[in-house]
Amino acid sequence: MKMIAYRTVLFLLLMVSALCDDSQDDPCTKTTTSVITRLRNRLLCSLKHKSSPDTTTNVQVTLHLAFIRFDVQKSKLLVNNWLELKFSSGHAQWNPKDFESLTKIDFPGDKIWLPDLSIYNKHDLSKEPEVVSSARCIASYDGHIQCLVPSQHDGLCSPDLTWFPYDTQTCYIKYGSWVHSGEEINFTLADPSVTTDAYIPSPQWNVINVAGFWDPGMFNGESFPFLKYVFVFQRYAGIYRAAIIAPAVVLMFVTLTILLMDFQSSDRVNIAAFNLVCHLLYIQNIYWQIPITGSKPLIVIFFRDSTLLCAILIVLTIVYKTIAQNKKNPPKCINWIVSSYVGQTIGTFKYSVQIAVSNSEDDEEGKTIVNLKEQEKHENWILFAVLLNRITIAVYCLLYLIMVVKFIPTVSVSMLLRYSHHQIFVFIVFFRGSLAYARTFPLGRFFINSAYSNELSSADATEEDKDIPAENISPNTWLLVITLLDNITVILYIVSYLVLFLGYVLISGRE
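Going by mature numbering (1 follows the signal peptide of the UniProt record, and there is no 0), the letters in the sequence shown line up with residues -20 to -1, 1 to 491, in that order.
These are computed hints drawn from the structure, not numbers from a lab.
Among these hints, one or two may not hold up.
[What the hints assert, rightly or not] Below 20 angstroms or equal to it, Euclidean Cα-Cα: the simulated SDA-like pairs (lysine to any residue) are:
no., residue 1, residue 2
1, 301, 208
2, 154, 113
3, 66, 147
4, 276, 264
5, 208, 276
6, 66, 42
7, 56, 187
8, 54, 159
9, 301, 250
[To be verified] Per label pair, the in silico range of CB-to-CB distance:
no., residue 1, residue 2, range
10, 118, 265, 51 to 59 angstroms
11, 118, 36, 19 to 27 angstroms
12, 264, 308, 42 to 50 angstroms
Please read all numbers here as calculations on a predicted model, not as lab measurements.
All C-beta atoms in this analysis are idealised placements derived from N, C-alpha and C, irrespective of residue type, glycine included.
Could you build the full structure based on these sequences and the hints that come with them?
The following block contains the structure:
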């Protein structure tokens, strides 16, 4: 019994000591000679902690934006800001004459009642949604209270990656009272509702617009007003332009250039297979850079279709090569197609049949024509394969044009055109690859005719040489023309790289 009585007395002593400490910390019981401390204690005593006013409190809110970070992988918007709350309270009034003409005073916000402000669309709802936890407040003698709350708020925002990497995201954060209706706490927007004077630019996102909206928030006939701050920001696509857009454009032109190669050459199949591998590696690269969301990035759809076209191109190349090597007599329908107006319009002129002319002593005219009946036996097969290949070129160009217009963002095209080295590079890749197949096009025939005409106009040319048709021109002339064009391409490469190097040097010097 003595032990129980001793413990009881000890407990009572501890309780009395704690109450004495609380009374010493209570601003209502403190006495001091300092005017500022006396006024602060009076306000803290009047504005009791967590004691809401009896009447409706109108709270004006201003968001001072500091920094924005958007985690696409987690669909999480992080906003660093200062929330400025302005409201009035009759308990915060005093007569400046009683306090040596003191009209304003600051005090900690965690000691008084502050409006219940919470985030409705918080990313992690398991955590406390209230945002007004620590604040510093300034009170005026007329009862106006102004509090500044530094905080980092996170909101749930689902990204729209349709136009990745030139996507623009629109996210919002909703602020409102968690338990009080509009009759108790009425949140409104101050003027201005948002400021960006203290904003620090994000290295990944360019903030386009930030705006605040007020909503009455009607629920079951009762108003729960809330504030909705909308953030519109665009991704900085500099690194993605080099890592995603540029390879897509280059591989597209490589695919089109492969179509200009001779389908009977094994190099075309090898390069097409390598191009397909590059497409697959590129898709893997995009997979690791773009998060999986509900929206489908158009650049992924573009490259999916480009990969399918590349795979089909390999199959078509093998089919065309098999057709061209057929030794059987072609059916009448193929002969009709090759000799029709459409076939001739597309340009299926003599592709592989060349007329060889040689001198003979037994011939009175000094010339004999080599019999080419064995080659002409499957000539129409070759011409038919050429016709199909050219139709494929037209179809592929049309498909890629549609894909570029539909799937690649328009803004990316304008940004791409700002950089001259991209234009030069794409043009040269296409121009250089087209040389391998130039001899089968009317433009190539024009070069041959021009070169051959210059050759025949020389003094050494005979009348018989001038009567030789353009189809019978020696392949050496073609090689000369292609070599000339290739040398021009090399010069363009050198000049373009010099321009790029000097441009980067000048830009680095200015920075």
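Against the structure, the hints come out as follows:
1. 301 - 208: violated, 65 angstroms
2. 154 - 113: holds, 17 angstroms
3. 66 - 147: Measuring from Cα to Cα gives roughly 37 angstroms; hence the hint is violated.
4. 276 - 264: holds, 16 angstroms
5. 208 - 276: Distance ~28 angstroms between residue 208 and residue 276 Cα, so the pair is violated.
6. 66 - 42: holds, 9 angstroms
7. 56 - 187: holds, 16 angstroms
8. 54 - 159: violated, 29 angstroms
9. 301 - 250: Judged against 20 angstroms, a Cα distance of about 14 angstroms means the pair holds.
10. 118 - 265: 51 to 59 angstroms: holds, 54 angstroms
11. 118 - 36: 19 to 27 angstroms: Holds - the Cβ-Cβ distance for residue 118 and residue 36, about 22 angstroms, lies within 19 to 27 angstroms.
12. 264 - 308: 42 to 50 angstroms: holds, 44 angstroms
Violated hints, listed in ascending order, are 1, 3, 5, 8; each of the other numbered hints is respected by the structure.
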